[in-house]
Structure formats: structure tokens, C-alpha cells
Amino acid sequence: MSFYEVYSQYKNLDLEKEFEGISSADISDSLDLDVLEIHHLIALLSPQAENHLEAMAQKAHAITLRYFGKTIQLYTPMYLSNYCDNYCLYCGFNKQNKAERKKLTLGEVGEEARFIAETGLKHILILTGESKQMSPVSYIKECVGILKKYFSSIAIEIYPLSEEEYRELVAAGVDGLTIYQETYDEEIYGKMHLSGPKKDYCFRLNAPERGGNAHMHNVNIGVLLGLNDWRRDVFFLGMHAKYLQDKFSDVEIGISVPRIRPQAGNFRALYPVSDKHIVQIILALRLFLPRLSISISTREGSLFRENLIPLGITRLSAGSTTIVGGHTLGNEDGKCKMEDGRNPEQFEISDKRSVEEIKAMLEKRGYQPVLKDWMHI
Amino acid sequence: MEDVLKIGSKEIKNRLFIGTGKFSSYPLMKQALEEAGVDIVTVALRRVDSASKTENILDYIPKNCTVMVNTSGARNSQEAIRIAHLAKATEHGNWIKIEVIADNKYLLPDNLETLKAVEVLVKEGFMVLPYMSPDLAMAKRMAQAGAAAVMPLGSPIGSNRGIKTEELVKIMVNELKVPVIVDAGLGRPSDACQCMEMGCAAVLVNTAIAVSKNPVAYAKAFSLAVAAGRLAYLSGMPSQSEIASASSPLTGFLRNNNDKP
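Chains as they are written, first to last, in numbering that gives the first Met the number 0: chain A, 0 to 376; chain B, 0 to 260.
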């Protein structure tokens, strides 16, 4: 059994119709109970729940404090390569963008690592575009070998791998897997991913469980809000997270719900998502899965990110860049320019604050920034 | 004679142990530890960054405290053992609280894997205190394997529900020769007091103190409650009864009866 079977079971669910049957009592029930069922998730995602956001927020806040305390774990992304074989309509790295491509040499990986480590961060998320030829597993392993000297936890956000390949990377020192399905709607998925290996919906959908089988310590999934009706995608995201929690009771499951923002290619959200709905999404997921790790993207503005923290956020990225070599190379040396002179960022970052600034903000808001929360064992 | 809890060669005066994971800042945590006057704190090795000049949690532990490193994050005995070995590299590595959790929903410990880790680490010379679900047979095995104490949970970690496992913990207190320390789930000082009245050797609290509005005062309140509960236990508490004792007893006439066999 894989999550695809769960998806198939629910894909024809008429959520609109389900919402019509939701009453205030259903939402109150969801706030009173400790263990929520699928119909509670539907209630919390319903349009009616928009009238209960404050009550939902109070409970989400209390739950988050109980399980995670007054702490926020910090990490930063590090882009290794932007070579990509995919043509995904929404992505700045898609192969139709005539950006000059770059892959860090191992020496540059070391330089980036040293620079990031200076900030005190111990958790790193390494990313590549999807080109198995240009950034093969062997290259990722070499990079991990270098990064292990500087960081206590290394997570990957790269193209989906086989279970055996995940095992290889775990053995090399990787402990976290991040892979977003972007949208759970198979049809829309097909329309968004025009060519390249990413077209394979199922191989991507089942990647988190291959990572779980390979004994990753944490697995993070997500949707790219804006590609589909958010209520549908977030319903399946919640179902997927629950499926993974149930199947891998010893793996920490996390989610993220990045929202489409302008980037190279100027793709606009097909289904725009409001701030209020982002709040509803985070609250619904926190109440549905109290132990879920939740991060909030730097695509969101500084103040909005801050306001979301008490609602259930447990992880934040800081000092972020979506440029290959962006921590040290910046965009001044000409290596990272697109034909039209813009940076080949994967997407535009809104919250550009440094690690020091994010730390200061958290302390001011009564949260302990946690720089180290794992180690190579 | 002064009432002290002896674990290994360590004489422990304050029977409130505090966990360090969830405070809003290290300076605040330090203040709470000082105000409560604790002797034993537990620190997750995953949070220790010995290389950091400003962010090393161990720098915020009062000097008089003994640090019990915990294996938080371990999912099986091998991972717990590896974490214990890494802990040895810190100056506080000898006291190990074994935490083996393969349940990301309720955070309940895996007793069997915990026992395996106890067996190995005791032989290696660690002072081992296993966190466990209250189970007498398992606790006996852990004690037999050389655990210095056993740490049954009061209710799930972070739940603040108090001592929901009371009956099982009472049996452990009655039957075990090693100290029984209730760890996890205590939300109020009265919960801690209740554990001590039951005869528990100590309690360990983290979430309730760390996330309270005033952790420094709340830590102190826990410390006082633990001391009060312990004193009550030592005083020999009168037994409780659900029926009143009648002031005009029905068999009173027997007292004045000169009836002799």
C-alpha cells in the first residue's frame, strides 16, 4: 500500500458537498477533542471555519507550546546546482529559462559551508534542480561528506530517489528529506509539469515513504499553494502527513505550505491564497496533527512570518538565498546572471533577514532560537 | 538525619529534577534552575553545541547541578547507545537518561529497546536512568540490569495531565528497590506533591515549568511542592477513609465489659 492508493480513494471526494454539511458544532467538536478524524480536518478547512479562527488559534498555540515549548528551530537552504531537466511552469529553474547554469565545485561547497557555519547554524538543507546527470547521487554524497564537518543535521531537497539511493545518502550522513508534491491533483500536476522526469506523479508522491523506509529521521512534505484550490490540496497534504505519521511512527513528519510568488518566468498563481487562508491552513493542520513540524517559507514577508509563529510554527529558515552559491558568491561576480540580467533565483525571497536578525526577532518575541537540534549518530 | 536521595555516590537534596528543552531562553532557564535550587537537570545531547561560544546550553546550567544527558531522538537501542557514547565526549557524560521513543504521536517510550540500552550502558560504566512506561516486570528487569533508578511517566510528555498512571507507579514504588522517579506529564505542583506523597523518590518536570507564564516562580512552586510531598510521606500520612469514624461507636460497650473467658 502506498499513499497513491489513499489518494485514489479520496480523489473523487466532493469537498464542496462535504463543506455544505459542516456546522458550527462540527468545528466546536474539533476544538474539544484531542484526537481528530478526517471529518474534523474537513471541518477545519471549511469556509465556515473562517469564523472560528481565533478559537482555533488559541488551541493551536497551546498545543504547540506543549509539544515544542517556546522554541523555534532554525536552518538555512544551500543551493548546490540549478541544472534542471524539467519544464515546470512555476519554477525559476525550469529548463526553458535561458539562465546560465551553475553547479558548485566541492571547493565552493566548502566555502559556502564555512560561511554559513560562521552564523552558528547547525542545520542545513541542500537543494538541487532535477538533473541526475549534472548533480548525481554521487555528487550529493561528496557534498554531504564536506558538509558533515560543519553541520549537525543535513537534509536534502532534491529530485526523488529510489529507496536504495535514499539509504546511500542516509549512510553518508543525511538525516532529513524534504520533497513537495506541489499539487496533489494528478490532472493539474500533469499540466504544470510539461516535460522532464518530474512528470512522473507517482514516483514523486511515493518518495516520502521511500525516505521513511530508508530511515530518514525527518520527512517534510508540502504543496505549492496557488496551483489548485487550496482546500483540496491542503486536505490531501493533511491526509498524506497523517498517512506518513501512521506508517513511520519513528520519523518526524513536517509540512510546509509555500505560496507562489513572482520569480523568473513570471508565473502567476492560478488560485491565489489570502493571508487569512494561510492562517486557516496552518491552524487546521496543527489541530489535526499536533506533533507535526511546520515551517514557514521565506517567500512570505517578515511581519507575516512573525505573526504566524505562535500559531504553530516550529521551524524557520534564516539567512536564505535561492541562488546557487548565493551565500558567498552572491550575484556580483557575473556567474549567476540570467540573459536579461536578473538572478536565476528559484523564487524570490521576501524575508531576507540574516540569522542574527531572525534570532533577535525570536528572542524579542519570547522564543528560543534553536540552532542545533540533532547530531550525526 | 537529613533526608537525601542517593544515586550512585551522589547525594541529592532537591528531589525536583528539571528538564531543559522548552524554555524561551537559556538565561531564563538558568534563573528557573537557580530559583528552584535543583541538583539534577537533564539536557538533550541533540541540543548541546560544545563548540559554540554563546549558544552552548551547558554554559547555562548552574555549577552545582549534576547534568543527566538524555538520548532524546533515539528510536532504538543502538541509537541510544551511540548517543550515550557521544555524550561521553562532553564533561557531563556519565549520567545518562535513556529515552528511546519510536512513537511520534504520543511520544511513549519503547520499554524493550530501552532495556537493551540499559543492559549495554550499565556494563560500560554509565549511571543509567531509563525513562519508561510504568510496567513492574520491565522495571524489575531494568533494575536487575543495573539501572540506578527507573523513570516511569505520569502521563504523556508535554500533556500536563498529572499522574494518570498512579496505580501502576504505586505498585512500582512498593515493589522496587531502586528509586522511582516520575518523569513526564506533571502539570501542576500538586501533581508533583502527590507523587512524593506516594513515596516516589523524585520527579522530573520540564514542559509545565518552561511554558508557564513565569517559569522562575513556577519552578520554585514545584520545588516547594516536592519538598512538602516528601515531608508528608516521611511523616507517615494518616490513611484515608471514605466513611466517617462514628463518635458513638456501636461496639463501645465492649470497652467496659469485664467479660473474661
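Keep in mind the hints are simulated off the structure, nothing from the lab.
The structure displayed is predicted, hence computed values, not measured ones.
One or more hints might be untrue.
[Claimed, not checked] Derived lysine-lysine pairs resembling DSBU-like cross-links, with alpha carbons at most 30 Å apart: (1) B/87 - A/140; (2) A/363 - B/139; (3) B/52 - A/351; (4) A/69 - B/139; (5) B/104 - B/9; (6) B/212 - A/275; (7) A/363 - B/52; (8) B/104 - A/10; (9) A/363 - B/62; (10) A/363 - B/219; (11) A/148 - B/52; (12) B/219 - A/58; (13) B/29 - A/69; (14) B/9 - A/363; (15) A/147 - B/87.
| message | Let me make sure I understand: some of the numbered hints might not hold for this structure. Which ones are they, in numerical order? | response | 2, 4, 5 and 14
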